[in-house]
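Visitor: Each chain, letter by letter, is given below.
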Amino acid sequence: MPDPEIDGLAQLRHDLRTPLTVVIGFAEILSGERPLTDDERRDYAERVLSAGIEMRGLIDSARLG
Amino acid sequence: MRLVLIEDHQALREGLELLLDREGCSVVGTAGTADEGRRLVEELAPDVALVDIRLGEDDGIALTRRLLDDDPRRRIMLYTGSSDEELLFSGLDSGAQGYALKDGSPRELVEALEQVARGGSYVDPRLRPALLSRRSTERLPSLSNREREVLDLLAQGLTGEQVAERLVLSAETIKTHIRNAMTKLEAHTRVHAIAIALREGFISPPDDAGIGSRA
Numbered sequence: 001m002p003d004p005e006i007d008g009l010a011q012l013r014h015d016l017r018t019p020l021t022v023v024i025g026f027a028e029i030l031s032g033e034r035p036l037t038d039d040e041r042r043d044y045a046e047r048v049l050s051a052g053i054e055m056r057g058l059i060d061s062a063r064l065g
Numbered sequence: 001m002r003l004v005l006i007e008d009h010q011a012l013r014e015g016l017e018l019l020l021d022r023e024g025c026s027v028v029g030t031a032g033t034a035d036e037g038r039r040l041v042e043e044l045a046p047d048v049a050l051v052d053i054r055l056g057e058d059d060g061i062a063l064t065r066r067l068l069d070d071d072p073r074r075r076i077m078l079y080t081g082s083s084d085e086e087l088l089f090s091g092l093d094s095g096a097q098g099y100a101l102k103d104g105s106p107r108e109l110v111e112a113l114e115q116v117a118r119g120g121s122y123v124d125p126r127l128r129p130a131l132l133s134r135r136s137t138e139r140l141p142s143l144s145n146r147e148r149e150v151l152d153l154l155a156q157g158l159t160g161e162q163v164a165e166r167l168v169l170s171a172e173t174i175k176t177h178i179r180n181a182m183t184k185l186e187a188h189t190r191v192h193a194i195a196i197a198l199r200e201g202f203i204s205p206p207d208d209a210g211i212g213s214r215a
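Going down the list, the sequences are from chains A and B.
Per the working numbering, the first sequence starts with residue 1, numbered consecutively.
Per the working numbering, the second sequence starts with residue 1, numbered consecutively.
By construction, these hints were calculated from the structure, which means they are not laboratory data.
Keep in mind that a hint or two might mislead.
[Unchecked claim] Simulated restraints, written as ranges between beta carbons of each label pair:
(1) T173(B) x R56(A): 56 to 62 Å
(2) E33(A) x E14(B): 20 to 26 Å
(3) S61(A) x L167(B): 53 to 59 Å
(4) S142(B) x S50(A): 52 to 58 Å
(5) H14(A) x N180(B): 36 to 42 Å
(6) H14(A) x R146(B): 39 to 45 Å
(7) E40(A) x E111(B): 47 to 53 Å
(8) R179(B) x G8(A): 42 to 48 Å
(9) S90(B) x S50(A): 28 to 34 Å
(10) S170(B) x I59(A): 55 to 61 Å
(11) E149(B) x P35(A): 28 to 34 Å
(12) R39(B) x I59(A): 31 to 37 Å
[Said to hold, decoys possible] Here are some, though not all, of the chain B residues that point toward chain A, as calculated from beta-carbon distances under 10 Å:
(13) L19
(14) S90
(15) P106
For glycine and all other residues, C-beta sits at the position ideal for the given N, C-alpha and C.
When you get a sec, could you build the whole thing from the sequences and use the hints?
Guide: Shown next, in the form of structure tokens:
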């Protein structure tokens, strides 16, 4: 018999990976050594922010058990 | 390297386009659905198509099968956030030459894509435990020493020609060994054969990152 809590956690884990890839990818650029323009820096920071907000939404709406 | 990116998550699609571009990869087209992706691959004939496995309502593995049925010369890298074992084997069964996880860095992804574009294959090294833990309930016919040796070298990233050179055999002989190993292991592709051989313990995992073959 499948455990709904385990299923929910597995789904959440999977769903979080996509926005997490965005967060890590752009955070790496922002913390890297290559020079960025102000517009690029703002654009990348906004992408990190919106992916973070998406992750929070996923966690808030996760139905575990 | 010309790439078509098929990913339903808009932020990741746009983000990857930028990130891969910064790593020197030319993203010539992006799509968020299987239909649009198929059209782009047909139209643009990229060196590699990066295909998300879960494309909203669509299925990236089914899309891969379709693209390869239409033209087996196409190079496809499946991309997923899931390290699920069944999904991995289903993905390899589809004929995709690469299987990458979203956990990897953009640089790592570009290197894997380049490997696939050059005619090789790639399985994310993070999937090694899944490859190794799966034990088939059916006993597969054993490989000959030479077949093991060939698959082992392919798994280390050598091309078919380099394997031939290393073993002082002709390229045709190597191809025959690979074909025989694939038949015995019921594998559809070389990378699938490597994955099964690892899983069954016929060969050892390579030491370096990524299970790959440029053959």
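Visitor: Please flag the earlier hints that this structure goes against, numbers listed from lowest up.
Guide: Numbers 7, 11, 14 - these are the hints that the structure violates, sorted from lowest upward.
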